[in-house]
Amino acid sequence: MITLWILLLPAAGALIAWAAGRVSPRAARAIASAILALDGALLLALWAQQKGAAPGSMWLAEWSVDWIPQLGIRFSLGLDGLSLLLSVMACAAGLAALIGCPSSREDEGAHSALFLATITGVLGVFLATDLILFFGFYEVMLLPAYALIVRWGSGDRQRAAMRFFVFTQTGGLLMLISIVGLHVTHLNATGLRTFEYAALMDTPLSNSLAMLFLLGFVLAFAVKLPLVPFHTWQPQAYASAPTETTILLSALMAKTAGYGLLRFAIPMFPGAADRLAPWALAFGVITILYASWLAYGQSDLKRVIAYSSAGHLGYVVLGAFAMNDLACSGAIVQMFCHGLSVAGLFLIADHIERRTGTRDLDALGGLWKAAPRLGAIGLLFLLATLGLPGLGNFIGEFLILAGVFQANPVIGAIAAAGAVFSAAYSLRIMQRVFFGPRDSAVNISDLPVRTLVVCAALIATLLWAGLHPRALLDAVHPRAAAQALASGDPR
Amino acid sequence: MYALLWMVPALPVAGFLMLALAGTRLPRAAASLVGVGSVASSAAIAVAIAARFLTSPPENHAFVQPLWTFFDLPGLRVEAAFRLDALSLVMMVVVTVVGALIHVYSTAYMRDDAGYTRFFAYMNLFVAAMLTLVLADDLFFLFLGWEGVGLCSYLLIGFWYDDPKNGRAAAKAFLVTRVGDAFMAIGMFLLVAEFGTLHIATVLGRAPEVWTQGSGVAMLAALLILGGALGKSGQLPLQVWLPDAMAGPTPVSALIHAATMVTAGVYLIARMNVLFTLAPAVQTAVAVIGAATLLVAGSCALVQRDIKRVLAYSTISQIGYMFLALGVGAWSAALFHFFTHALFKALLFMAAGAIIVALHHEQDMFKMGGLRKRMPVVFWTFLAGAISLSALPLIGAGFYSKDMILFEVGTSTLGGAGFWAAGFAGAFITSLYTFRMVFITFFGSAKHEVVHPTPIAMTVPLIVLAVAATFAGLLEVPRTLGHLPYFSHFMEHALPVAPLRESSFRAELLLQIASGGVVLLGLFVAGAVWFRRAVRIEGLASSLVYRFLSAGWGFDWMYDRVIVRPFAGFARINAGDGLDALSRWVVSVCGFAARILRRTQSGRLRWYAAAAGAGTVIAIYLVVYA
Numbered sequence: 001m002i003t004l005w006i007l008l009l010p011a012a013g014a015l016i017a018w019a020a021g022r023v024s025p026r027a028a029r030a031i032a033s034a035i036l037a038l039d040g041a042l043l044l045a046l047w048a049q050q051k052g053a054a055p056g057s058m059w060l061a062e063w064s065v066d067w068i069p070q071l072g073i074r075f076s077l078g079l080d081g082l083s084l085l086l087s088v089m090a091c092a093a094g095l096a097a098l099i100g101c102p103s104s105r106e107d108e109g110a111h112s113a114l115f116l117a118t119i120t121g122v123l124g125v126f127l128a129t130d131l132i133l134f135f136g137f138y139e140v141m142l143l144p145a146y147a148l149i150v151r152w153g154s155g156d157r158q159r160a161a162m163r164f165f166v167f168t169q170t171g172g173l174l175m176l177i178s179i180v181g182l183h184v185t186h187l188n189a190t191g192l193r194t195f196e197y198a199a200l201m202d203t204p205l206s207n208s209l210a211m212l213f214l215l216g217f218v219l220a221f222a223v224k225l226p227l228v229p230f231h232t233w234q235p236q237a238y239a240s241a242p243t244e245t246t247i248l249l250s251a252l253m254a255k256t257a258g259y260g261l262l263r264f265a266i267p268m269f270p271g272a273a274d275r276l277a278p279w280a281l282a283f284g285v286i287t288i289l290y291a292s293w294l295a296y297g298q299s300d301l302k303r304v305i306a307y308s309s310a311g312h313l314g315y316v317v318l319g320a321f322a323m324n325d326l327a328c329s330g331a332i333v334q335m336f337c338h339g340l341s342v343a344g345l346f347l348i349a350d351h352i353e354r355r356t357g358t359r360d361l362d363a364l365g366g367l368w369k370a371a372p373r374l375g376a377i378g379l380l381f382l383l384a385t386l387g388l389p390g391l392g393n394f395i396g397e398f399l400i401l402a403g404v405f406q407a408n409p410v411i412g413a414i415a416a417a418g419a420v421f422s423a424a425y426s427l428r429i430m431q432r433v434f435f436g437p438r439d440s441a442v443n444i445s446d447l448p449v450r451t452l453v454v455c456a457a458l459i460a461t462l463l464w465a466g467l468h469p470r471a472l473l474d475a476v477h478p479r480a481a482a483q484a485l486a487s488g489d490p491r
Numbered sequence: 001m002y003a004l005l006w007m008v009p010a011l012p013v014a015g016f017l018m019l020a021l022a023g024t025r026l027p028r029a030a031a032s033l034v035g036v037g038s039v040a041s042s043a044a045i046a047v048a049i050a051a052r053f054l055t056s057p058p059e060n061h062a063f064v065q066p067l068w069t070f071f072d073l074p075g076l077r078v079e080a081a082f083r084l085d086a087l088s089l090v091m092m093v094v095v096t097v098v099g100a101l102i103h104v105y106s107t108a109y110m111r112d113d114a115g116y117t118r119f120f121a122y123m124n125l126f127v128a129a130m131l132t133l134v135l136a137d138d139l140f141f142l143f144l145g146w147e148g149v150g151l152c153s154y155l156l157i158g159f160w161y162d163d164p165k166n167g168r169a170a171a172k173a174f175l176v177t178r179v180g181d182a183f184m185a186i187g188m189f190l191l192v193a194e195f196g197t198l199h200i201a202t203v204l205g206r207a208p209e210v211w212t213q214g215s216g217v218a219m220l221a222a223l224l225i226l227g228g229a230l231g232k233s234g235q236l237p238l239q240v241w242l243p244d245a246m247a248g249p250t251p252v253s254a255l256i257h258a259a260t261m262v263t264a265g266v267y268l269i270a271r272m273n274v275l276f277t278l279a280p281a282v283q284t285a286v287a288v289i290g291a292a293t294l295l296v297a298g299s300c301a302l303v304q305r306d307i308k309r310v311l312a313y314s315t316i317s318q319i320g321y322m323f324l325a326l327g328v329g330a331w332s333a334a335l336f337h338f339f340t341h342a343l344f345k346a347l348l349f350m351a352a353g354a355i356i357v358a359l360h361h362e363q364d365m366f367k368m369g370g371l372r373k374r375m376p377v378v379f380w381t382f383l384a385g386a387i388s389l390s391a392l393p394l395i396g397a398g399f400y401s402k403d404m405i406l407f408e409v410g411t412s413t414l415g416g417a418g419f420w421a422a423g424f425a426g427a428f429i430t431s432l433y434t435f436r437m438v439f440i441t442f443f444g445s446a447k448h449e450v451v452h453p454t455p456i457a458m459t460v461p462l463i464v465l466a467v468a469a470t471f472a473g474l475l476e477v478p479r480t481l482g483h484l485p486y487f488s489h490f491m492e493h494a495l496p497v498a499p500l501r502e503s504s505f506r507a508e509l510l511l512q513i514a515s516g517g518v519v520l521l522g523l524f525v526a527g528a529v530w531f532r533r534a535v536r537i538e539g540l541a542s543s544l545v546y547r548f549l550s551a552g553w554g555f556d557w558m559y560d561r562v563i564v565r566p567f568a569g570f571a572r573i574n575a576g577d578g579l580d581a582l583s584r585w586v587v588s589v590c591g592f593a594a595r596i597l598r599r600t601q602s603g604r605l606r607w608y609a610a611a612a613g614a615g616t617v618i619a620i621y622l623v624v625y626a
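Sequence lines, in order, name chains A and B.
Going by the working numbering, the first sequence opens with residue 1, and the numbers climb by one from there.
Going by the working numbering, the second sequence opens with residue 1, and the numbers climb by one from there.
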């Protein structure tokens, strides 16, 4: 039941915020933030009592009811360590976006409502265990996100929103074909109509059929992550969207694709995934290097972060397709930490654009002198981005690459070069924005207290994940942790 | 006492946090108190622990202090723990004590700087990271310190960020060392794949059981670790960042880019010595790189005008000696040279810094001159450092450590005449550039007004280090002078003994006389050229060789052409993302198809009827005949 609450809370919150927006825009945003905080608190409470979870069950909490019984579609939700971790991250990043950006939007009620609606979709993806339900949430979140970009975006927002929609929608359709195909195959084999994840997992499939279905899933996720060469919708969408939405796209929605890979695509078609792995690893490493390389050449701060984001999600694909425990754990940590660090980076970029009127790297410079706190916070997020040990992103990348190296040493070694590329563009931002002589024409005040508090909390979490990653990893591997506890820590 | 080990790095961390969080609100005196106090108390604890270690060593000469568990996954478990043994003890004491002296010195050097608190925050963080590096007993934990010192180095090189030149130098240092770090990371992945752990003692214990000597995987592992060491320690071909790193404040150059961080590579190779013993070809490569580096960097030091750049090239060159020693298995000699080098090079940098401050940030030696009388304390302490660096016979610690390296390179079963000759030639070059520096800076005619007397916060560390740099050699006196091998005996608890061939007393004495002679020759030549001006060399300044050397053998030029420009050029040209053409192509194909199909919807009834009729005919044909 609690899983349903986790899902319903932001959905109900969207309605309340929309209604409240008619009275006062500030109230709408405050309500939306409070709802997200409450949802996050619910999830954290679940995390805290996780150790007492019933052994034997895969889920920490689940809830299920018939939805369209004629077609075997159920409304079933399940929450395990992976979905818990990503849901917490989603709430935290969403909250950071709402609090960290100054609320000066017109029509804030509608904005907050659409924002929460998107988050509902994201949480639905993390919770759904019925494939049709999963697909539904996966597609439904596009609509409010589309509306957010078109209504509140900047620049060529119509075109950016349209590209975003068409790209991801096309990918989604391929996944739908796979889902229906898998359902029909299962029906023919067993006579049972179901879209339930656990049941479909055991569907007997020929090699080519399994590969076909897997490709449908993987292509959908490749567009959304995005993976080179399906990434070209992304920089434009990130740059045109309002900052809160950019954070939604990069920190939350992109993770639904990584989650889908780890939860559905690979466990359901392990054999086919194994055969696809060399290709997927190759595309992952190309994404890391190509996107990071492009990030170095951009002059729009948001586009640098957009390409950097694509590069970091390339690691998630590596982690998923290395098919071992190390890499998989790394991919989860990477998604969690990237969500937080990219949210922080976009908050910084937003502040800079708001106060200086530009996010062109050539026009900026010397901001540290005028705004040392902004500089220090920006530095820390950039250090997380370039994978400095001590911050969580390093743990993710290290575990992924260590795992990939075991699966495919050459790919692992090439991907390690990504660390040099990410350092190159991160230090370039540092140099162009914060260091250098101060342009007297560029005026900037330091971060406001609320943004500062939000960023400090994000950084504290990243530090915690970087120095004590065990806390995150034990949540994903509760059984491994329990065993270690029982056997009494040998060394 | 040992239980306090964790406080040695924790105190500087606390200092960093206080300074970073309080920021500029902290009064200057409080910032000094926190900044210097944290490192000084850390040094006091370190010395107390060292005293205890010498009087009553722990079991097996190693003390391990577990801290916490990073993670515990099937396939890899990483714990944070400190390991104190002879090797890490020496490193720890040098880092904290020299670090504390440099912090004291910095209170005067940075006195008028607006970023005073920020400076001490970074410096404290550096000391903490460096201590983590040397105390960690797991490579994963070590890497935390390894990258941490790199970060502090970046921040401190670019400390005066107003000037884009400093920022570029900082980024260059970080990126070049990161290339090495990427290799080191791959090396760690290899170790994880092979042993399922990064715990150093476990890896070193299991490696000889699993790998045969000279096997491919052992060579690969050693080579990858070496990559990391080359970047951090500024050895060929990754040495290009260190001369530019002099853009940072001088205390930074003294602490990070001379005494401690740049020797991390030496520490890493010594720590992982088993891997290198298992890969003899790679170990030889270490010696070759060391020999080449010491000559290349030494030759560059001969022609620099900027006093800090002379010292930077000298540092690269002296670390080259350490690599040469590591490469021939003279582990203790390498560490001994690290020890003396930390003392005399920190001293030289700080003395140079005192001059630079007194001359309003003038760094060109040819604009100094005649400072012997005006800055007597600086002169005498600098001279003590110079004597040690040049390895002038009998006086100065540098003689004892360099002599130990040369002797062991000559007699090691892994060494040989070629390596010895390189070190021998290097000794001449070292002496030449050292006394060139002394004569140009302190003798001749004065060219600049000295503004203020050297403050006491500067002179005290200088004098302490001058005394230490003069007498530290007594820790390891060779056979020919009385045979007191305290240092190498102590290191034997942590490092293998050098594989030396039998050699006679006479041979050793002969080698010493030869190397002592060549150093004196260097002094004499330097005196003839730059003191008595008996030999005029002004004409050389425009020669090709001179330009080649002052440009650091053209490495920067080559990297710029081969790597930097193509990388940045492609990024700039492709900023619009050429792959977007792919999706645009799909769009235009769809548009084209739509235009064609639109033609069919012409609105003319006759065309529709004809199409329907044709369609029917085809359908019937297919059904009936196919």
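The hints are simulated quantities; they were obtained by calculation from the structure and are not laboratory data.
In this text, all values refer to a predicted model and were calculated from it rather than measured experimentally.
Backbone N, C-alpha and C fix where the C-beta goes; we use that ideal spot for every residue, glycine too.
Treat the hints with care, since some could be wrong.
The following label-pair restraints were derived from C-beta to C-beta distances [unchecked claim]:
#1 A:V410 - B:A594: 42 to 48 Å
#2 A:D362 - B:A581: 24 to 30 Å
#3 A:D439 - B:I573: 57 to 63 Å
#4 A:V453 - B:H452: 42 to 48 Å
#5 A:D362 - B:V545: 26 to 32 Å
#6 A:G357 - B:E538: 36 to 42 Å
#7 B:A594 - A:I2: 49 to 55 Å
#8 B:G591 - A:R275: 57 to 63 Å
#9 B:T202 - A:I2: 42 to 48 Å
#10 A:V410 - B:R584: 31 to 37 Å
#11 A:V410 - B:R305: 33 to 39 Å
#12 A:V453 - B:W557: 47 to 53 Å
#13 A:I68 - B:A609: 52 to 58 Å
#14 A:S208 - B:L622: 27 to 33 Å
Quiz item: Which of the numbered hints above does this structure break?
Solution: 3, 5, 6, 8, 11 and 13
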